[in-house]
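*Asks:* Sequence:
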Amino acid sequence: MELDLENPLTCVEEEQYDTVSALFDSESDHMASQIFLRSFHAESLRREAIALILQAQYSCNLDNFISYLAVNYVDRFISKKEVPEEKPWILRLLVISCLSLAAKMKKIDFSYSDFQRDEGFIFDAQRIQRMELLILSTLNWRMRSITPFSFVYFFISLFELKDPALTKALKDRATELIFKARDEIKLLEYKPSIIAASALLCASYELFPLQFSSFKAAISSCEYINQESLNNCYHVMEEMVTNEWDEYIFDAAVSSTKTPICVLDRHYKNSVSEKSNTANTLEAAIKLPRGHENKAQRSQIQHFASYSQSLGKGRRTKYDLSAAPKRITRNE
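Heads up: the sequence shown is residues 5 to 336, going by this note's numbering.
One or more hints might be untrue.
[Stated by the list, open to error] 27 Å max Cα-Cα, derived DSS-like pairs, lysine-lysine:
{"no.": "1", "residue 1": "Lys166", "residue 2": "Lys110"}
{"no.": "2", "residue 1": "Lys190", "residue 2": "Lys85"}
{"no.": "3", "residue 1": "Lys172", "residue 2": "Lys220"}
{"no.": "4", "residue 1": "Lys91", "residue 2": "Lys190"}
{"no.": "5", "residue 1": "Lys220", "residue 2": "Lys84"}
{"no.": "6", "residue 1": "Lys184", "residue 2": "Lys84"}
{"no.": "7", "residue 1": "Lys172", "residue 2": "Lys91"}
{"no.": "8", "residue 1": "Lys85", "residue 2": "Lys184"}
{"no.": "9", "residue 1": "Lys166", "residue 2": "Lys85"}
{"no.": "10", "residue 1": "Lys190", "residue 2": "Lys175"}
{"no.": "11", "residue 1": "Lys110", "residue 2": "Lys84"}
{"no.": "12", "residue 1": "Lys111", "residue 2": "Lys91"}
{"no.": "13", "residue 1": "Lys184", "residue 2": "Lys172"}
{"no.": "14", "residue 1": "Lys166", "residue 2": "Lys111"}
{"no.": "15", "residue 1": "Lys108", "residue 2": "Lys85"}
{"no.": "16", "residue 1": "Lys84", "residue 2": "Lys108"}
{"no.": "17", "residue 1": "Lys111", "residue 2": "Lys190"}
{"no.": "18", "residue 1": "Lys220", "residue 2": "Lys110"}
{"no.": "19", "residue 1": "Lys110", "residue 2": "Lys172"}
Honestly, the hints are just simulated from the structure, not real lab data.
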């Protein structure tokens with residue numbers, strides 16, 4: 005069944021277990037490791053990856069949720085596996101493979117060729133499948149990501165809004181802020197539920213300032229919420245919103261002078277590449293074998309399809325990854 009980021013765990017209406025409790029209990033398993041993400045290397049690598057994902061989103065007309073899911077996969081992967089900066093083709097392959105996996109989870113067709121048309125590196129289906137397999141094993145096959153979108157409806161229900169139009173306006177603005185928060189590496193240290201709560205508070209302050217205090221009290225009283233973490237995350241997101249307005253004013257001023265400006269240039273022109281002495285472990289893991297496609301690889305990709313289907317039917321399935329090849333050589 006297609007992954008719904010707003011409801012990633014409950015796949016069929018007949019299931020009766022406590023989904024809210026399960027979401028809060030499992031959300032940490034879908035976060036990036038914090039130690040690596042604090043480094044400058046991670047920040048510059050992540051910015052480049054997001055730029056590539058946005059490029060693919062626009063060139064291939066992908067859904068916003070696919071690009072968000074792909075970023076989640078990239079964040080979790082690069083926090084566990086070292087991606088050498090001196091080999092940019094590995095990052096591009098990682099991005100394409102994460103987009104491919106995200107599209108599969110959303111049951112959307114994704115064409116590699118459309119994205120690679122203007123790129124300097126061309127990857128065939130075998131190489132992309134090998135990278136997909138490495139991503140799946142690195143992320144422990146947890147592909148039904150728990151994200152901030154998974155908590156939006158729960159927190160909105162605490163507000164007890166009576167007007168559907170107001171509820172929709174609040175949800176739409178919070179969703180917009182969550183998408184925006186994807187680009188902020190400082191927000192990666194907070195749990196998805198905290199990001200969702202902060203986005204709703206920022207949205208409610210904009211839309212219903214007189215009710216903001218009661219909304220904040222409702223969220224703060226939630227047993228799953230850490231108050232200190234919520235306050236810190238809210239202030240980071242508040243700063244993000246302020247910068248958003250500053251950018252809007254800046255863009256409007258520049259537009260009035262008819263001076264062209266590239267948004268990606270402004271966001272990423274200051275990123276600096278640092279050289280690192282990275283081992284070739286990742287490169288070796290995704291090199292292709294000489295000759296025919298490896299049978300173990302083909303089997304594991306088929307297992308992934310079966311895995312997604314079993315989750316859609318509400319079953320939990322375990323897979324043996326011991327057959328996955330560890331070292332392979334690439335055709336030169």
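*Asks:* Does each hint fit the structure? Answer for all of them.
*Replies:* Quick rundown of the hints versus the structure:
A hinted pair counts as satisfied when its Cα atoms are at most 27 Å apart, and lysine 166 with lysine 110 does not qualify at roughly 32 Å. For the suggested pair lysine 190 and lysine 85, the alpha carbons sit about 20 Å apart, so the restraint of at most 27 Å is met. Between the alpha carbons of lysine 172 and lysine 220 the distance comes to roughly 18 Å, so the proposed pair stays at or under 27 Å and holds. As the CA atoms of lysine 91 and lysine 190 are separated by approximately 26 Å, the hinted pair is consistent with the 27 Å bound.
Restraint check for lysine 220 and lysine 84: the C-alpha separation of about 35 Å exceeds 27 Å, so the hint is violated. At most 27 Å may separate the alpha-carbon atoms for a hinted pair to count; lysine 184 and lysine 84 meet this at roughly 24 Å. Distance restraint check for lysine 172 and lysine 91: the Cα-Cα separation of roughly 45 Å exceeds the 27 Å cut-off, and the hinted pair is therefore not satisfied. With a CA separation close to 25 Å, the supplied pair lysine 85 and lysine 184 stays within the 27 Å bound.
With a C-alpha separation of about 47 Å, the suggested pair lysine 166 and lysine 85 falls outside the 27 Å cut-off, and the hint is violated. Of the pairs offered as hints, the one joining lysine 190 and lysine 175 holds, with about 23 Å between alpha carbons and a cut-off of 27 Å not exceeded. About 24 Å separates the Cα atoms of lysine 110 and lysine 84, which keeps this hinted pair within 27 Å; it holds. Note on lysine 111 and lysine 91: the hinted pairing is violated, with a Cα-Cα distance of about 31 Å set against a maximum of 27 Å.
Under the criterion of a C-alpha separation no larger than 27 Å, the hint pairing lysine 184 with lysine 172 is consistent with the structure, at around 18 Å. Our distance criterion of 27 Å between C-alpha atoms is broken by lysine 166 and lysine 111, whose separation comes to about 34 Å. Restraint check for lysine 108 and lysine 85: the C-alpha separation of about 23 Å stays at or below 27 Å, so the hint holds. Note on lysine 84 and lysine 108: the hinted pairing holds, with a Cα-Cα distance of about 23 Å set against a maximum of 27 Å.
At most 27 Å may separate the alpha-carbon atoms for a hinted pair to count; lysine 111 and lysine 190 exceed this at roughly 31 Å. With a CA separation close to 33 Å, the supplied pair lysine 220 and lysine 110 exceeds the 27 Å bound. For the given pair, lysine 110 sits about 23 Å from lysine 172 by alpha-carbon distance, which is consistent with the 27 Å threshold.
In this structure, the earlier hints numbered 1, 5, 7, 9, 12, 14, 17, 18 are contradicted, and the remaining ones agree with it.
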